[in-house]
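Visitor: Residues per chain are reported as follows:
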Amino acid sequence: MFEPLFQGLQLFFTMDAVFAVLAGTLLGLLIGVLPGLGPLMGIILLLPVTFHMEPVAGMGLLIAIYVGGSCGGAISAILVRIPGTPLAAATLLDGYPMAQKGRAKEAVGIAISASALGGVLGGIVLIFLAPLLARFALEFAPPETFALALTGLLVIALVSNEATSKGIMTGAFGLLISTIGYDQFANDLRFTFGVNGLLGGIHIVAMVVGLFAISEVIVQIKSGFFSRNPDVPWVRPSLSSALLVLSRWVNLVRSSAIGSFLGALPGAGGVVSSFTAYAIARSTSKTPEKFGTGIEDGIIATESANNATVGGSLIPTLSLGIPGDATSAVLMGALIILGFFPGPNLFEQHQDVVGGIFLAYMSANVVLFFAGILLTPLFVACIKFKKQYLLPFITLLCVLGVFSLESSTFHLWVMLAFGAIGYVLRRYDYPLAPMVIGMVLGPIAESNFRRSLVISGNDYSFFIDRPIAATILAINLVIIVWMLCPKVWKNRLLLRA
Amino acid sequence: MTLKSKFSLGVTAIAAVALAGTAAFADFPERKIQNIFPWAPGTVAHGVSQMIAEGMSKRLGQPLPVVATPGAGGVKAFNTALAAPADGYTIFDGYVAPLVISPMFGRADWGCDDFKPLWSATSNAFAIAISPTEDRFTDFPSFIAYLKANPGKTAYNGNGLSLPHMVSAKVLQSLDLVSRPVPYDDIELGMKDLRSGVLDWLVVNPGVYNANKDNLKILVTLSELESVQRTYDGADKAQDFGIDLGISGLAPMGWNWWLVHKDTPQDRVDILNEAMEATINDPEVRAQIEATGFVLTEYSPDQYSEVCNSAREQLESAKDAITWEEEAVKAAN
Amino acid sequence: MTKNSINTESLIAPVFFLAVAAIVFWQTNTDLVEKDIASGSMQYNAAFVPEVLATVLVILAVSQIVQIIRNSGTNPVSIDAQDDASAEAPTERGLAVRSVVALVLIALYILALRPLGYHIATPMLLASLFALLNVRNPLLLLGLSIGLSLVSAYVFGGLLNVVLPAGVFEIAPF
Chain A
28 MFEPLFQGLQ
38 LFFTMDAVFA
48 VLAGTLLGLL
58 IGVLPGLGPL
68 MGIILLLPVT
78 FHMEPVAGMG
88 LLIAIYVGGS
98 CGGAISAILV
108 RIPGTPLAAA
118 TLLDGYPMAQ
128 KGRAKEAVGI
138 AISASALGGV
148 LGGIVLIFLA
158 PLLARFALEF
168 APPETFALAL
178 TGLLVIALVS
188 NEATSKGIMT
198 GAFGLLISTI
208 GYDQFANDLR
218 FTFGVNGLLG
228 GIHIVAMVVG
238 LFAISEVIVQ
248 IKSGFFSRNP
258 DVPWVRPSLS
268 SALLVLSRWV
278 NLVRSSAIGS
288 FLGALPGAGG
298 VVSSFTAYAI
308 ARSTSKTPEK
318 FGTGIEDGII
328 ATESANNATV
338 GGSLIPTLSL
348 GIPGDATSAV
358 LMGALIILGF
368 FPGPNLFEQH
378 QDVVGGIFLA
388 YMSANVVLFF
398 AGILLTPLFV
408 ACIKFKKQYL
418 LPFITLLCVL
428 GVFSLESSTF
438 HLWVMLAFGA
448 IGYVLRRYDY
458 PLAPMVIGMV
468 LGPIAESNFR
478 RSLVISGNDY
488 SFFIDRPIAA
498 TILAINLVII
508 VWMLCPKVWK
518 NRLLLRA
Chain B
3 MTLKSKFSLG
13 VTAIAAVALA
23 GTAAFADFPE
33 RKIQNIFPWA
43 PGTVAHGVSQ
53 MIAEGMSKRL
63 GQPLPVVATP
73 GAGGVKAFNT
83 ALAAPADGYT
93 IFDGYVAPLV
103 ISPMFGRADW
113 GCDDFKPLWS
123 ATSNAFAIAI
133 SPTEDRFTDF
143 PSFIAYLKAN
153 PGKTAYNGNG
163 LSLPHMVSAK
173 VLQSLDLVSR
183 PVPYDDIELG
193 MKDLRSGVLD
203 WLVVNPGVYN
213 ANKDNLKILV
223 TLSELESVQR
233 TYDGADKAQD
243 FGIDLGISGL
253 APMGWNWWLV
263 HKDTPQDRVD
273 ILNEAMEATI
283 NDPEVRAQIE
293 ATGFVLTEYS
303 PDQYSEVCNS
313 AREQLESAKD
323 AITWEEEAVK
333 AAN
Chain C
310 MTKNSINTES
320 LIAPVFFLAV
330 AAIVFWQTNT
340 DLVEKDIASG
350 SMQYNAAFVP
360 EVLATVLVIL
370 AVSQIVQIIR
380 NSGTNPVSID
390 AQDDASAEAP
400 TERGLAVRSV
410 VALVLIALYI
420 LALRPLGYHI
430 ATPMLLASLF
440 ALLNVRNPLL
450 LLGLSIGLSL
460 VSAYVFGGLL
470 NVVLPAGVFE
480 IAPF
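For the protein sequence lines, the chains are A, B and C, in the order given. Heads up, the first sequence is in this note's numbering, so the first residue is 28 and it goes up one at a time. Heads up, the second sequence is in this note's numbering, so the first residue is 3 and it goes up one at a time. Heads up, the third sequence is in this note's numbering, so the first residue is 310 and it goes up one at a time.
Calculated directly from the structure, the hints in this document are not laboratory data. Treat the numbers as computed from the prediction; the structure is a model and nothing was measured. Honestly, I wouldn't trust all of these hints.
Far from chain C, some chain A residues (derived; all Cβ distances over 10 Å) [claimed, not checked]:
(1) R162
(2) L165
(3) M196
(4) Y457
Listed below are the simulated DSBU-like cross-link pairs for lysine-lysine, each with C-alpha atoms no more than 35 Å apart in a straight line [claimed, not checked]:
(5) K317(A) / K128(A)
(6) K344(C) / K150(B)
(7) K344(C) / K264(B)
(8) K313(A) / K132(A)
(9) K215(B) / K155(B)
(10) K239(B) / K219(B)
(11) K344(C) / K332(B)
(12) K132(A) / K317(A)
(13) K344(C) / K215(B)
(14) K150(B) / K219(B)
(15) K517(A) / K128(A)
(16) K517(A) / K317(A)
(17) K249(A) / K517(A)
(18) K321(B) / K344(C)
(19) K155(B) / K321(B)
Okay, the calculated bits of chain A under chain C, using three or more residues with CB under 8 Å as the criterion [as the list claims (entries may be wrong)]:
(20) 42-48
(21) 247-255
(22) 297-304
(23) 446-454
(24) 477-487
In this text, a Cβ means the ideal position worked out from N, Cα and C, and glycines have one as well.
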């Protein structure tokens, strides 16, 4: 069980990797603090940089951004009532009232300590469960992989709540984009229109940078207020807030467990976990009426849950190669580009890399605690950043990052096009996450489907004769039926349950 | 001619002279040189090209990044490099697939002699491997016997027009064996399916062999060269069983030859060549590369045309093997 | 804003998806047929999966369009339109224009990057973006543009070894 950790020590304790985790956590905090930019955006902006690094250092950087970014939003939520990321929306419920009562210092301290501790608990779950799940997946062959990839795709559509059909549309679009390029089964090119840049398909990084970052720049410009200066109080939290959080250990452990469980389920993510943990903390509290008035337990529940989600979401991503949300889909894409295919193989052959990733994740949470507490004044200063300076800088990062992928201007055109597409889709409430997941899972689903048929000699019973594949496919069928059944029935069923 | 246009003409002329002047007197290279690498980054092959690039960079005094530009079996990388100016700042990492195979199948329209060669870089030889727990066949002759008895019933990793597949199809054709080729993006993924039991055998390269020694048993190497036996820890070659695979020399191997644009000035090519020759003779670089299982081929630029064209002729004969296999598999099922 | 114009605007996304599906069907019925990879059993048929996906897109896009048109009668003013009405029209419009200008600037940058080289094109892009976002102090604007451009060039070109375009003037300090 701990074998990967020992093997990873060597890879992780290098100057590069330790520095990457340190820098990543700080960058993550900063990006989380800045309104509009979340961990996903941070990961996307720094993604191209990692391809020039050692694998563990590169993944460490990205995961640290994920960790830092999942917490940073709380600082701006508490101080200026603007959640830096949607993840911090629930933290606002008690964080802001607490700050208004003159306890901003404690509120920020609690948020950071709870995040770090929740993250560590999520990490422990990750370290125990991921290898077990991976070992189970060792038996998986193309039919099982296809069935599982299909589950990943379906669940994403399922959880895009009100916008199920919009989610399916963007998901299908992402899947279609992934078919561009060379088709190894037919031995020829698809949808390349004689354009050299398309021969290798659309680069996922060019696509996500455009879809999320460039579209965000457009949204920000359209919303105006280029030189607005938010009014922020100065605070300096103390390290002792960790003790306060630890004294509420029941809430901490429960919320972290909820966070890592929901994180491991495809589609749920940090926002859902923080609200769920908050609701459960309130309903089990002796003084539920105090929630929303600035109570410590409110902050502890949301922040520990959304950081534990990070650890949870890495479980299916690393061990099965099934990302649960857009952020882990991007992380999985990065891992593949770095030459490591997530799944049981990763755990068997590259234990050192897995261990290095685990260690990077754990260390990021430790760094988060100290850096968060000590450097909060610095991040507070960053909330004062004006858009007019921030947006050109973000644009520059996008352009340089995407260009550096293959020293190619073609990718820049791809980025720009997806920037415009992303903007339109966001404006009309089409979820973007299914598109990224479609892009990542598309090739896996299609190639394993067709590969299964090649292996079986075009015999479809291959999918049903294998018990694991058949089980997963049956679950998929249930999901599809559930999706198709009208809302009224669903509500009735849920009520009865 | 108006005064204005005369003036602008004058400025252009001066600028042209100035530019030409700097070009003539400048020491090549005065900025980064890039190697356009045709496969995905992070692979063993990418690492090997980076080792050579680093050695050359030290000698040239400029960085030499290896830019991974995967797509369409390497054709994208070649097109990208062809679009760059012929000034010696762009090197083609000339792998067999884009250089020789793609034109053979009409996917590209260049030939060996459309480029100026530097030194040849490396080769990596393929081998036929099975799971160590396999009991239906345990050596090459019993493998042949089993496949003969069960035509089209077994499956292996054979990816379309890729080199390892062409070689394996050729070998199967020579031995009159039929097995079903299953495409995988890379051999590592095929490795997983050999273990889960849906593949019966695997064509491996040194990188995959080194990473999976515990889960692989080499039946036979697909090259008769001594160095290849060493790469696979003294595995048998077909000749040891008195079997002719119908393909020999560099043809059954993956290899790459560093090339530049045909119109690159010779003085620049000479500078690059000097640096590359020194690099591949550097004991440190050699040791690094050998540790990956890749082998330095050490052909000089003068030998390029002959070696490349003869490999092309041999592979031309393997081209039919792919179509032969396709039909044989169909007939067997 | 009239209710008709709202409808046409929210039709953009479904129409876009219909166009994507149309391109897929056009290709699978021309290019892929010419290459002889659009038929046969599923594993060798390159057109099968894209056509399934495109069909899904068509069905859902059409149902979206039907929904939008049907809703326009019962619910003439969308939330979106209310926002538009309450906001100050000229600034709203000015901001929309600026966001389009920003996209055009990036497009011009991509065009200029190879010929002019990184070290000329990048400060120009940054300066024009700063100006677009109301940075009025010329010294600050120039200083930031050149400074940011050089620092990023050092990080990407120097530390990460990316080959930044040198352009016709062959400027390549890192």
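Visitor: Hint check: K215(B) vs K155(B), CA-CA at most 35 Å. Holds or violated?
Guide: 26 Å, holds
Visitor: Going straight from one Cα to the other, do K344(C) and K215(B) come out at no more than 35 Å?
Guide: 40 Å, violated
Visitor: Examine the region 297-304 of chain A: at least three residues should have C-beta closer than 8 Å to a C-beta of chain C.
Guide: violated (count 0)
Visitor: Within 35 Å, alpha carbon to alpha carbon, are K344(C) and K150(B)?
Guide: 34 Å, holds
Visitor: If I take the minimum Cβ distance from M196(A) to any residue of chain C, is it greater than 10 Å?
Guide: Contrary to the label, M196(A) does not stay out of reach of chain C, its closest Cβ about 5 Å off (not over 10 Å).
Visitor: When you check the alpha-carbon spacing of K150(B) and K219(B), does it fall within 35 Å?
Guide: Given that 35 Å is the threshold and the Cα spacing comes to 20 Å, the pair holds.
Visitor: Are three or more residues of the region 247-255 of chain A within 8 Å, CB to CB, of chain C?
Guide: holds (count 6)
Visitor: Regarding the pair K239(B) and K219(B), is the alpha-carbon distance no greater than 35 Å?
Guide: 14 Å, holds
Visitor: A cut-off of 10 Å on Cβ-Cβ distance, and L165(A) was said to be off the interface with chain C. Does that hold?
Guide: Given that every Cβ of chain C is farther than 10 Å from that of L165(A), nearest at about 25 Å, it holds.
Visitor: Would you assess whether Y457(A), listed as outside the interface, keeps its beta-carbon beyond 10 Å of every beta-carbon in chain C?
Guide: Nearest chain C Cβ is 6 Å from Y457(A), so the label is violated.
Visitor: Check whether three or more residues of the region 42-48 of chain A sit with their beta carbon closer than 8 Å to a beta carbon of chain C.
Guide: violated (count 0)
Visitor: With a C-beta cutoff of 8 Å, work out whether three or more residues of the region 446-454 of chain A approach chain C closely enough for the coverage to hold.
Guide: Coverage by chain C holds for the region 446-454 of chain A (5 residues, Cβ < 8 Å).
Hints 3, 4, 13, 15, 17, 20 and 22, counting from the list given before, are not met by this structure.
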